[in-house]
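Our numbering puts the sequence shown at residues 912 to 1212.
The hints are simulated quantities; they were obtained by calculation from the structure and are not laboratory data. On a predicted model such as this, the values are computed, not experimentally measured, just so you know. Even for Gly, the Cβ is constructed at its ideal location relative to N, Cα and C. Worth double-checking, as some hints may not be accurate.
Cβ-Cβ distance ranges computed for the label pairs, FRET-style [to be verified]: (1) D1133 to A1096: 56 to 64 Å; (2) A1170 to D1139: 41 to 49 Å; (3) D1133 to A926: 52 to 60 Å; (4) D1133 to H1073: 48 to 56 Å; (5) E1160 to Q1109: 24 to 32 Å; (6) A950 to L987: 34 to 42 Å.
Dumping the calculated PhoX-like pairs for lysine-lysine here, alpha-carbon to alpha-carbon at most 20 Å [as the list claims (entries may be wrong)]: (7) K1145 to K1097; (8) K1084 to K1068; (9) K1119 to K1097; (10) K1084 to K1145; (11) K1124 to K1097.
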Amino acid sequence: MGQFRQISTFVEVVARGSLSAAARAEGIAPAVIGRRLDALEQRLGVKLLQRTTRKLALTDEGTAFLEDCQRILAELESAEAAVSERSARATGHLLISAPAGFGRQHVAPLIPSFLAEHREVTVTLNLNDRVVDLIGEGVDVAIRIASLEDSNLVSVKLADNHRVVVATPAYLKRHGVPQNLDDLAKHNCMAISSEGSQRGWTFRDGGKSVTLKVTGNMSCNDGAVLHDWVLAGKGLAWRSMWEVGGDIEAGRLQTVLDAYSAPGNDIYAVFAQRRHLPLRIRTFVDFLRRSYAQPGYWGQG
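Let the sequences and hints guide you as you build the complete structure.
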């Protein structure tokens, strides 16, 4: 306790510019402040402040130590605030954004259970496949299936995810199982296409990332439609495990080219940078993470 008080006194003296100002803020004599600083310097074995009757000046060691002390005190304050918030009830309105397909399958079904646990929270769920402007659109939390690129935002990983090439067993029996990436040219590959531009399929080949433009007689800008087509046995599709995990588990679909699978786009909750995250956001993110971590969750479907 004495060491912590010495550190907080040091930071307060520097912030207020004098021992007397720090003493007045605490309601004690300046001599007490001086003794704390002396004890701190003696314990550390370095001079932190050059003190005269008129001014204070930080030494080089004092400047470096001050930065560390400010960070430690800020983290302690944040930790105390977080604990305090956890003891309170989650309240207020929560605006959530999620990709359409993922949101329908893995966010919307969980919201009733979340609200049953937190009866003072209300929710609006917006489903769309564009990258929303969290701050500009007032979104509390967005679900994204990609790594965080905007340094002004904070992300929390909710679950692992990767993409696989799938087809029905019947299709593979008719057309054969592709053994390498070149074999894709022999198959009807159904891809996401938007405004005439195809989103390629990404693989790892020889330690390098490779994106291929595939060919086929069917493409669509809606992943759910591709899912239906591949289940109907119309060809190969490159889909996320969150979408087809249940189909694979049930034997409706089979993966191919697993040796070429690229590191996947994991599932994240993203929110604006805030020092004290509202409890309703924290509890919702924790709820999703717990739900997705349940054994067998991704095999449901």
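* Regarding the pair K1119 and K1097, is the alpha-carbon distance no greater than 20 Å? -> violated, 23 Å
* Asked: Measuring from beta carbon to beta carbon, are A950 and L987 in 34 to 42 Å?
  -> violated, 20 Å
* To do: Decide if the proposed pair is consistent with the structure: K1124 and K1097, CA atoms, cutoff 20 Å inclusive.
  => holds, 13 Å
* Should the hint that A1170 and D1139 are 41 to 49 Å apart at their CB atoms be regarded as holding? -> Cβ of A1170 to Cβ of D1139: about 27 Å, so the range 41 to 49 Å is violated.
* Asked: Quick one: are D1133 and H1073 within 48 to 56 Å, going by C-beta?
  -> violated, 21 Å
* To do: Please test the hint of 24 to 32 Å on the beta carbon pair from E1160 and Q1109.
  => With Cβ atoms ~29 Å apart, the hint holds.
* To do: May I ask you to test the hint 52 to 60 Å on the CB atoms belonging to D1133 and A926?
  => holds, 57 Å
* **Hint consistency between K1084 and K1068 [alpha-carbon to alpha-carbon, up to 20 Å]** => Distance ~38 Å between K1084 and K1068 Cα, so the pair is violated.
* Cβ separation of D1133 and A1096, checked against the hinted range 56 to 64 Å -> Since D1133 and A1096 have Cβ atoms about 25 Å apart, the given range 56 to 64 Å is violated.
* To do: Decide if the proposed pair is consistent with the structure: K1084 and K1145, CA atoms, cutoff 20 Å inclusive.
  => Distance ~13 Å between K1084 and K1145 Cα, so the pair holds.
* Hint consistency between K1145 and K1097 [alpha-carbon to alpha-carbon, up to 20 Å] -> With Cα atoms ~14 Å apart, K1145 and K1097 stay inside 20 Å; holds.
Checked against the numbered hints given earlier, the structure breaks hints 1, 2, 4, 6, 8 and 9 and satisfies all the rest.
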